[in-house]
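Could you put the whole structure together from the sequences, leaning on the hints where they help?
Residue numbers (my numbering), protein chains in the order written: chain R, 1 to 286; chain A, 1 to 163.
If you're looking for bench data, these hints aren't it; they were derived computationally from the structure. Predicted model only: the values in this text are computed from it and were never measured. No false leads were mixed into what you were given.
Pairs of lysine-lysine, DSS-like flavour, derived with a Cα cap of 25 Å:
1. R:K19 - A:K9
2. R:K157 - R:K19
3. R:K9 - A:K9
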Amino acid sequence: MKFNVISPKTKTDLLKAMKNETYFRFGAGYTDLIPEMKKMEDIGYSIINLAQLNDQTFRNIKRGQDVIRIGTLATAAQIVNDEFIAENFPVLHQAANCLASSQIRQVATVGGNLCTASPSGDISCALVSIQAQCEILSESGNLRLIPIADFFIGPRKTSMKNNEILRSVIVPINVKHHEVHSGFLKVGTRRSMECSVVSLAYHILTDKKAIIHKAGIAIGAVAPTIRYAEEAGNFLLGKNISSIHPDDSELFANEVLKYASPISDLRASAWYRSEVLFNISKSILE
Amino acid sequence: MKKNSPIAKLITFTVNGKEFTRYVIQSMLLIDLIRDELGLTGTKTGCLEGECGACSVLLNGAAINSCLFLAINVEGHEITTIEGFSTGEKMDEVQTAMIQNGAVQCGFCSSGMAVSIKSMQTRSRNESRIPTRHEIQKGLEGNLCRCTGYIKIIEAAGEILNK
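Laid out in C-alpha cells, this is it:
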C-alpha cells in the first residue's frame with residue numbers, strides 16, 4: 001500500500017493543500033479509509049492527512065449559549081466522554097458509544113462518520129434526529145451552513161463539492177423542557193463491531209405535564225440515506241408521553257415506516273428490516 | 001530512508017518511555033513501524049482491519065488498533081506496547097492478574113487484551129470509578145479470543161479494576 005500524504009498543520013496549509021491537489025481524499029481517523037485503500041491495487045489519489053491539523057474549531061466540542069459546536073475531527077470517544085452531551089443528548093451519546101469498538105472510538109471521527117455517508121452511520125443518524133447543521137468550508141475560505149438532512153444525498157454521497165471540507169456540526173441546544181426522552185436503538189447481528197441492520201434515533205422533549213412539544217426521529221439502514229421521519233415526530237406533538245394509547249404507538253410506528261424503503265442484502269432482508277423498524281418504533285413509546 | 005521526501009518524513013515519538021527520531025515512510029502503518037522497524041513483535045498481526053484487537057497498543061494511554069493507524073501520526077505522541085508493561089523482571093499487575101486467573105490460552109490475543117485492560121485501568125483511575133462487569137465486557141469488545149477464553153480474561157480484568 002503506497003500513497004502520497006500531505007499533513008497540513010494549520011487551516012491555511014489545509015486550504016492550500018485542497019487547492020494544489022487534483023485528486024485527494026481526506027484522512028482523519030482512517031478506520032474506514034485504510035481497509036478501503038488496502039483493497040486497491042493502485043491508489044490514484046493523495047491523502048490530505050487531517051490527524052495533525054492543529055485547529056481547535058475542527059477538534060473541539062464547544063458549548064455556546066444556543067448551540068453546541070462539534071468539530072468534525074472530534075472522535076467518537078470525545079462525544080462519549082462529554083458530560084453535557086450525555087445528559088442533554090442521550091441519543092448522540094448512545095450512538096457514539098455503540099460505534100464499533102473502544103479502540104476504534106478512540107480514533108474514529110464525527111466527520112468521518114458523516115462524510116462516509118453510510119445509510120447505517122450511527123453518529124450520523126443521531127445527528128439527523130437532533131437536526132444538526134453542517135458547517136462546510138471551501139478552499140477559498142468561505143463557509144456555508146446546511147441542514148444535515150440536505151447533507152446526505154445518496155449512499156456514500158454527500159452534497160459537498162470537491163473543493164470543500166466539513167468543519168463542524170452545529171447542534172441547537174434543547175428548547176425549554178422538563179424531561180428528555182432520547183436514545184439510540186441499533187439492531188445488528190451481534191453487539192460489537194456491528195454495522196446496523198436497522199437503527200432508530202429519537203429525541204423527544206416534554207413539558208412538566210409530560211406533554212410532548214418536540215420530537216425528532218431518524219432512521220438508519222432502511223433507505224438509501226439516513227431519513228428524518230418528520231411526520232412521525234409531528235404525530236407525537238401534544239400527546240402525553242406517559243400515557244400513549246397502544247393504537248397511537250402503532251400509528252406512530254406506521255408513520256416511521258413510511259420513510260423506510262429497505263433493501264435485502266447479506267445482513268438482512270427487506271421484510272425483516274421493516275418488521276424490526278416497526279417494532280422498535282413502537283417500543284420507544286411503551 | 002535518510003531524508004525528508006514525499007515518501008518519508010522525519011518524526012519524533014516515544015515508545016515504551018524511549019524517545020525516537022526517525023524517517024518514516026508516509027504510507028507506513030503503525031503496526032509495521034512497531035514490529036518491523038523497532039522489532040517489538042509482542043504486538044500481534046491479526047486481521048489487519050480493526051476487528052480482532054491483537055495489534056492494540058496504547059496511544060497516550062488509550063488503546064487503539066495499530067493496524068489502522070498511520071505511523072507518521074505518532075509524531076509527538078507516546079506509544080506503549082506490551083514490551084513496555086514490565087520493567088526488567090517485574091511484571092505489570094495486569095500481566096500478573098492474567099496469569100493468576102488463567103486468562104491465557106494460545107496467547108495470540110493476550111498482548112492486545114492486556115493493552116485493553118491497561119487502557120481501562122488508566123481510565124478508571126483518572127475518573128476514580130470502578131467499572132461494572134458490563135463496562136469491562138464493553139471495554140474488551142474490540143478484542144477477539146479465538147480460544148474463546150473470555151470469562152477468565154474478564155475475571156482477570158475485574159480483579160485489576162476492582163483494586
